[in-house]
Amino acid sequence: MDAITFSHVSKIYRKGFWGTRVPAVRDLSFSVAQGGITGFVGPNGSGKTTSIKMLLGLVLPTSGRIEISGADASNSKSRAGCAFISEQPYFYRHLTAAEALRFSARLGNRGAALSSADVDRALETVDLVACGKRKIKELSKGMQQRLAMAQALLADADILIFDEPMSGMDPPGRALFRTIIASLGARGKTVFFSTHVLDDVEQLCGNVVVLSGGRLEYQGPIGPILEKGFSGFELTVGRVSSETQNDLRARGYALEPTDAALRIFVATEKQAAECQRYLYERDIFCISIVRRSAPLEEVLYKKRGETAS
Amino acid sequence: MNALFAVMLNTIKETIRNHVVYVVLLFVVALIVLSVSFGDWSVFARIQVIEDFGLATMSISGLLLAVFIGVGLLGSEMSSKTLYHVLTRPVTRYQFIVGKYLGLLSVLALNYVVMTLFFVATLTLLGGRVTTALLSAVLCIGVEMAVIVSAAIFFSSFTSTVLSAMFSVAFYVAGHLNDLISVQIASQQWAMFPIVLKTLYYALPNLEHFNVRDAVVYTMALPDGYAPLVLAYGLAYVTLFLVLSCVAFNKKDL
Numbered sequence: 001m002d003a004i005t006f007s008h009v010s011k012i013y014r015k016g017f018w019g020t021r022v023p024a025v026r027d028l029s030f031s032v033a034q035g036g037i038t039g040f041v042g043p044n045g046s047g048k049t050t051s052i053k054m055l056l057g058l059v060l061p062t063s064g065r066i067e068i069s070g071a072d073a074s075n076s077k078s079r080a081g082c083a084f085i086s087e088q089p090y091f092y093r094h095l096t097a098a099e100a101l102r103f104s105a106r107l108g109n110r111g112a113a114l115s116s117a118d119v120d121r122a123l124e125t126v127d128l129v130a131c132g133k134r135k136i137k138e139l140s141k142g143m144q145q146r147l148a149m150a151q152a153l154l155a156d157a158d159i160l161i162f163d164e165p166m167s168g169m170d171p172p173g174r175a176l177f178r179t180i181i182a183s184l185g186a187r188g189k190t191v192f193f194s195t196h197v198l199d200d201v202e203q204l205c206g207n208v209v210v211l212s213g214g215r216l217e218y219q220g221p222i223g224p225i226l227e228k229g230f231s232g233f234e235l236t237v238g239r240v241s242s243e244t245q246n247d248l249r250a251r252g253y254a255l256e257p258t259d260a261a262l263r264i265f266v267a268t269e270k271q272a273a274e275c276q277r278y279l280y281e282r283d284i285f286c287i288s289i290v291r292r293s294a295p296l297e298e299v300l301y302k303k304r305g306e307t308a309s
Numbered sequence: 001m002n003a004l005f006a007v008m009l010n011t012i013k014e015t016i017r018n019h020v021v022y023v024v025l026l027f028v029v030a031l032i033v034l035s036v037s038f039g040d041w042s043v044f045a046r047i048q049v050i051e052d053f054g055l056a057t058m059s060i061s062g063l064l065l066a067v068f069i070g071v072g073l074l075g076s077e078m079s080s081k082t083l084y085h086v087l088t089r090p091v092t093r094y095q096f097i098v099g100k101y102l103g104l105l106s107v108l109a110l111n112y113v114v115m116t117l118f119f120v121a122t123l124t125l126l127g128g129r130v131t132t133a134l135l136s137a138v139l140c141i142g143v144e145m146a147v148i149v150s151a152a153i154f155f156s157s158f159t160s161t162v163l164s165a166m167f168s169v170a171f172y173v174a175g176h177l178n179d180l181i182s183v184q185i186a187s188q189q190w191a192m193f194p195i196v197l198k199t200l201y202y203a204l205p206n207l208e209h210f211n212v213r214d215a216v217v218y219t220m221a222l223p224d225g226y227a228p229l230v231l232a233y234g235l236a237y238v239t240l241f242l243v244l245s246c247v248a249f250n251k252k253d254l
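The listed protein sequences correspond, in order, to chains A and B.
Using my numbering, read the first sequence as starting at 1 and increasing by one per residue.
Using my numbering, read the second sequence as starting at 1 and increasing by one per residue.
Since the hints were derived computationally from the structure, they do not count as laboratory data.
Keep in mind it's a predicted model, so treat the numbers as computed, not measured.
Hints may be right or wrong, so weigh each one.
Below, in silico cross-link-like pairs of lysine-lysine (BS3-like), each with a Cα-Cα straight-line distance of 30 Å or less [claimed, not checked]: (1) B:81 / A:137; (2) B:13 / A:137; (3) B:252 / B:13; (4) A:15 / B:251; (5) A:270 / A:228; (6) B:251 / B:81; (7) B:13 / A:133; (8) B:13 / A:15; (9) A:141 / B:81; (10) B:251 / B:13; (11) A:141 / B:252; (12) A:77 / B:198; (13) A:77 / B:81; (14) A:135 / B:81; (15) B:81 / B:13; (16) A:135 / B:13; (17) B:252 / B:81; (18) A:133 / B:81; (19) B:13 / A:141; (20) B:81 / A:15.
Cβ-to-Cβ under 7 Å is the rule here; a few derived chain A residues that face chain B [to be verified]: (21) 56; (22) 58; (23) 59; (24) 76; (25) 79; (26) 80; (27) 84; (28) 92; (29) 94; (30) 102; (31) 103; (32) 106; (33) 107; (34) 108; (35) 233.
According to the in silico footprint, chain A covers these stretches of chain B (three or more CB under 8 Å from chain A) [claimed, not checked]: (36) 49 to 61; (37) 76 to 88.
Just so you know, even glycine gets a beta-carbon here, dropped at the ideal spot from N, CA and C.
Could you build the full structure based on these sequences and the hints that come with them?
Written out as structure tokens, the structure reads:
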């Protein structure tokens, strides 16, 4: 059974006095398997947030069916095994951080089983242990995002739905979230992760769902998309003589010398191995070998352009 | 049930920290104190003036609290989107509405008890008597407040905060003028639209049923079982408004 299933889901909003039809999602069908991290990407207005709201029962689909672990998403019980982090944390500002966690646990019927140690542990995981008694209104947006992550962890949910969870966070916070999300995926949790930052998708997600104009553009492993953007390998070595540089050029490799190093670009894995052997025989050691890919964003845009044409 | 209780407790905490409750409480206390001096102007009916003024003040305070807090109860949740925190958990929308209502009602009931104690203390100190009719009047005003708050929640479940406030005030006024509508239907003087008038008459609760100030002031006996009947009447309307709120809120995109 899939963790999340969208079957021919459409959403048409009615706007203005005359109720003009504004389609946000059109005949969307995709599924997210149990376990692993799935990225949910698309440009602004592609229908990501509307889809997530429908998944969480906040917005009602005009047609189609959404399921969470086989249960109809419009039924509140389907959310029992879910946790959600939104782009903007929506905590009650009169509560303290610890009270907010307890409140959330009570809503998920875990209140009685929750101990102070559980709350402290969750706060510690997100580096907020000193903020348990502080009011939400005293916490910065980044701190509230961390608290939202603590709440999601405390729910011990099997399915975690994140809508731009790292928006507005500082670099240490982003790094922490990436580590937590990666560990959730490694523990077999299902993470459905909407973001604009494709670098995050590239690093964290095994699968990706791409939306464009409210329609499904692509669903599947991220590998083939990255493969489309593959542009060879980059070997970096220290300084080498001009004679060696000429020799490398003669072998058909592109070079980019800098003050302290030389970067060598090769097209295939075979060439990378040959180049490495050549350097090794001359006692030149590689500082790094990097697989070069076009940014995911570039690949996705290209893909959309191809589809449109 | 746990979720409903959690929403209720959270609303109690939220409302207790709302300064409007204390402002209205102070306003009522100040008016009751003021009613003592109004009573002094009347040579023969000092206690009656205090009773009438005190009960009217408590009734108006119910309207004020419904408008200032009841209307904003859902509106503020929707504008600040804090309801996402609740509704993305395994909580139904009806649990949310009923939990919010019961939470607010708990604080208002506490507030109302404080007002009543102050009113009764003032009255007793000035030589008045706490009669069954007086206690019935207090109960009726409390039930009326519960009805107005439920109506305010119903209005805010499908429209903006400002419109909900206007509808709530109109509901209060129309509810108290309901008897007048029946008089007009009977007299046929203005009844150009008898169907409209009859619809209004039956659709709106008759809030005058909750007004037994005259019986208190003029020491008239209330019919037997009046208070329980009014309580049942009020509860029926509270249930109706909460069901309608849930139906309207269930269909709303958040």
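Hints, verified against the model:
no.: 1; hint: B:81 / A:137; verdict: 15 Å, holds
no.: 2; hint: B:13 / A:137; verdict: 15 Å, holds
no.: 3; hint: B:252 / B:13; verdict: 26 Å, holds
no.: 4; hint: A:15 / B:251; verdict: 16 Å, holds
no.: 5; hint: A:270 / A:228; verdict: 18 Å, holds
no.: 6; hint: B:251 / B:81; verdict: 17 Å, holds
no.: 7; hint: B:13 / A:133; verdict: 16 Å, holds
no.: 8; hint: B:13 / A:15; verdict: 36 Å, violated
no.: 9; hint: A:141 / B:81; verdict: 15 Å, holds
no.: 10; hint: B:251 / B:13; verdict: 28 Å, holds
no.: 11; hint: A:141 / B:252; verdict: 28 Å, holds
no.: 12; hint: A:77 / B:198; verdict: 43 Å, violated
no.: 13; hint: A:77 / B:81; verdict: 21 Å, holds
no.: 14; hint: A:135 / B:81; verdict: 18 Å, holds
no.: 15; hint: B:81 / B:13; verdict: 18 Å, holds
no.: 16; hint: A:135 / B:13; verdict: 13 Å, holds
no.: 17; hint: B:252 / B:81; verdict: 13 Å, holds
no.: 18; hint: A:133 / B:81; verdict: 23 Å, holds
no.: 19; hint: B:13 / A:141; verdict: 23 Å, holds
no.: 20; hint: B:81 / A:15; verdict: 20 Å, holds
no.: 21; hint: 56; verdict: 5 Å, holds
no.: 22; hint: 58; verdict: 4 Å, holds
no.: 23; hint: 59; verdict: 5 Å, holds
no.: 24; hint: 76; verdict: 5 Å, holds
no.: 25; hint: 79; verdict: 5 Å, holds
no.: 26; hint: 80; verdict: 4 Å, holds
no.: 27; hint: 84; verdict: 4 Å, holds
no.: 28; hint: 92; verdict: 5 Å, holds
no.: 29; hint: 94; verdict: 5 Å, holds
no.: 30; hint: 102; verdict: 9 Å, violated
no.: 31; hint: 103; verdict: 6 Å, holds
no.: 32; hint: 106; verdict: 4 Å, holds
no.: 33; hint: 107; verdict: 4 Å, holds
no.: 34; hint: 108; verdict: 5 Å, holds
no.: 35; hint: 233; verdict: 44 Å, violated
no.: 36; hint: 49 to 61; verdict: violated (count 0)
no.: 37; hint: 76 to 88; verdict: holds (count 9)
In terms of the numbered hints stated before, the structure departs from hints 8, 12, 30, 35 and 36, listed from lowest to highest.
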